[in-house]
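Chemist: For reference, the chains in residue letters:
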Amino acid sequence: MNDIVVKGHDLTKVYTMGEMQVHALRGLSLEIRKGEVVAIMGPSGSGKSTLMNILGCLDRPTSGEYYLDGVSVATMNDDQLAKIRNQKVGFVFQTFNLLPRATALSNVILPLRYAEDRKNHRQRAEQALAEVDLGDRMNHRPNELSGGQQQRVAVARALVNNPAIIMADEPTGNLDTKTGDAMMELLLSLNKEKGTTLIIITHDPEIGQRAERIIYIRDGVVESRVAA
Amino acid sequence: MNILQAFWEALESLAANKMRSALTILGIVIGVASVIAMLAIGAGAENTITGEIQGVGSNLLFVLSGGGKDVRNPQHLTTGDTEAINDPFQAPSVKNAAPALQGGGEVSYAGESTNTSIYGVTPPYAEVRSINLSEGEFITEAHVLGRASVALLGTGVAEDIFGRKSGLIGETVRIEGQNFRVIGVLEEKGGSAFSDEDDQIIIPITTAQTRLIRRSTQDRVDVIFVQAVSAEAIPQASEEISQILRTRHRCKIGEDDFTIITQQDMIGVASSITGVLTIFLGGIAAISLLVGGIGIMNIMLVSVVERTREIGLRKAVGARKQDILVQFLAESLLLSVVGGMVGIGFGWVISTVVGKIAVANDVALNPAIDLNSILLATLFSVAVGLFFGIYPANRAASLQPVEALRYE
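Chains as they are written, first to last, in this note's numbering: chain V, 1 to 228; chain W, 1 to 408.
Each hint should be verified, as a subset may be incorrect.
[Unchecked claim] Covered stretches of chain V, going by a simulated chain W footprint (3 or more residues, C-beta under 8 Å):
{"no.": "1", "region": "81-95"}
{"no.": "2", "region": "110-116"}
[Said to hold, decoys possible] Below, a list of computed lysine to aspartate or glutamate pairs in the EDC-like style, where the Cα atoms sit at most 16 Å apart:
{"no.": "3", "chain 1": "W", "residue 1": "Lys95", "chain 2": "W", "residue 2": "Glu239"}
{"no.": "4", "chain 1": "W", "residue 1": "Lys321", "chain 2": "V", "residue 2": "Glu206"}
{"no.": "5", "chain 1": "V", "residue 1": "Lys88", "chain 2": "V", "residue 2": "Asp59"}
{"no.": "6", "chain 1": "W", "residue 1": "Lys321", "chain 2": "V", "residue 2": "Asp79"}
{"no.": "7", "chain 1": "V", "residue 1": "Lys88", "chain 2": "V", "residue 2": "Glu116"}
{"no.": "8", "chain 1": "V", "residue 1": "Lys83", "chain 2": "W", "residue 2": "Asp323"}
{"no.": "9", "chain 1": "W", "residue 1": "Lys95", "chain 2": "W", "residue 2": "Glu83"}
{"no.": "10", "chain 1": "W", "residue 1": "Lys189", "chain 2": "W", "residue 2": "Asp199"}
{"no.": "11", "chain 1": "W", "residue 1": "Lys321", "chain 2": "V", "residue 2": "Asp59"}
Since the hints were derived computationally from the structure, they do not count as laboratory data. Virtual Cβ for every residue (Gly too), placed ideally from N, Cα, C.
Just chain V, with the same shape it has in the complex:
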């Protein structure tokens, strides 16, 4: 199939800490198809956070090639990466990372403020909030919302730009089991309805089981691929 949305080839990442060099990724290659739900799992220190940063265009690989939605991003500068993140990536963090002083609506509008397309911000944000079932909480601030609701605002924020991929970093890590389940349901249903590629970084096997595919990372390389 030709609809590969994420294609990493021979990715390496070396961090220099003083005299010591840490090899976080050692020639990792992976492909993710459009519309797939992929879980990236691995023990601490396996390089999965580094991989997430590179896949999410927050960081550049030391070497190797990375194509996101057909665009080579491995050698882009900071501003170009910012533009790619804005257009093609939606983030859902473990700690929600909402702006505490802003309303749910303003939080969802935030990515649009940095976008080139300046039209219909409010309308699009309202629609994204409606998709995560928070149409009635738009003017609430994060401290007036429950944890699950806050994470749903974060999901709406990730959706609002119609990104090619959604990167979810331990999206249920700060939620109790029941809300966590509901959050997974929401993410999976959005994937089904909108066909948005979903990449979940987690160390929770139960979450992993719900993905279509699990990519295990160990010592900076892909260990094995397991179809769910």
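For this one, chain V is given, so just place chain W on it according to the hints.
Modeler: Just chain W now, kept in the frame of chain V:
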């Protein structure tokens, strides 16, 4: 993100920390207010002094004996010099010349006495020095020719020895033990930077020369007040007077034994003194503005650290370096500009209060805030906001999203 949005967000985030923002602004307010007040008071002082110099008379030149350097056989100014200067053919730019002899002495009436300045003058003195009388008449040619024992009293002197300021014509006062008839009272002028013009007695110059103010030669005068025909003619008049006196005193070239000072010279000197004073005071005030600016930088740096995660998030959702830069610069600019505006108002209040206090203390000081100092203060506070905001903003903008998101 456009600039307007950036300022709106900046306003929101500053409003979230009201106390902190207010205290930061206060630093700028104090700085700008003191700069404004100091400049206004300096300008007021200059206006006052300039006004007083002009109040001495209009289009005046002062001719004094004594040159700038050591001159052999210096000659004093005389009544003869005055007459020569008054000659319209020799000095067409001169309207009037009035010689004066200055001394001091005791004046008494019925047991009350006071020490005061005594001026021996001729009739043109009244016009040249802009002297007005509240009653009586000025010294006439007849008084001068006859060395008459007549005197005009300043109101201060009149108060001291008579206890009143009017109805004194015809009274006889004793000046240094000699009887003088009072022919008039000078109009009250109030205090001045140079001398108390109410504390003086004016008598005919010939009377002073022969009887009260003894000099080595009898026709000697201390100073000649010269009035030019117009303000434009003052340099020309100065040149004409110099020629006359050089000829009469047989001065060698470059060895004048007299000095001519124009009102412009005095205003120039006074202006440069008040100018230096204003710069000095303004400079001290500017230091407090600097301190206020450092306060802004301090708070912005703290704010950058506090909001590291927010910056990381903004970058993750697509904010470029310049977006973050603009966001933080907008905050520091907002702080400094609001501080500048409040400071201008506050400075205006301070200078008005100082003016009122000065008036209450009989000092004619009218602080003047001109548009320039307002523009200067506004520009300066914007510059402070930009200058001290750029470092924290740059620090925020340079944060790497990965590290900023991880920051706890």
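Chemist: Now, for every hint given, state plainly whether the structure supports it.
Modeler: Evaluated hints:
1. 81-95: holds (count 7)
2. 110-116: Answer holds; 5 residues pass the 8 Å Cβ test.
3. Lys95(W) x Glu239(W): Answer holds: Lys95(W) to Glu239(W) is near 14 Å, not above 16 Å.
4. Lys321(W) x Glu206(V): violated, 39 Å
5. Lys88(V) x Asp59(V): holds, 15 Å
6. Lys321(W) x Asp79(V): Distance of about 7 Å is within 16 Å: holds.
7. Lys88(V) x Glu116(V): Distance ~13 Å between Lys88(V) and Glu116(V) Cα, so the pair holds.
8. Lys83(V) x Asp323(W): holds, 12 Å
9. Lys95(W) x Glu83(W): Judged against 16 Å, a Cα distance of about 12 Å means the pair holds.
10. Lys189(W) x Asp199(W): Between Lys189(W) and Asp199(W) the Cα gap is close to 10 Å, so the pair holds against 16 Å.
11. Lys321(W) x Asp59(V): holds, 15 Å
When held up to the earlier numbered hints, the structure conflicts with hint 4 and nothing else.
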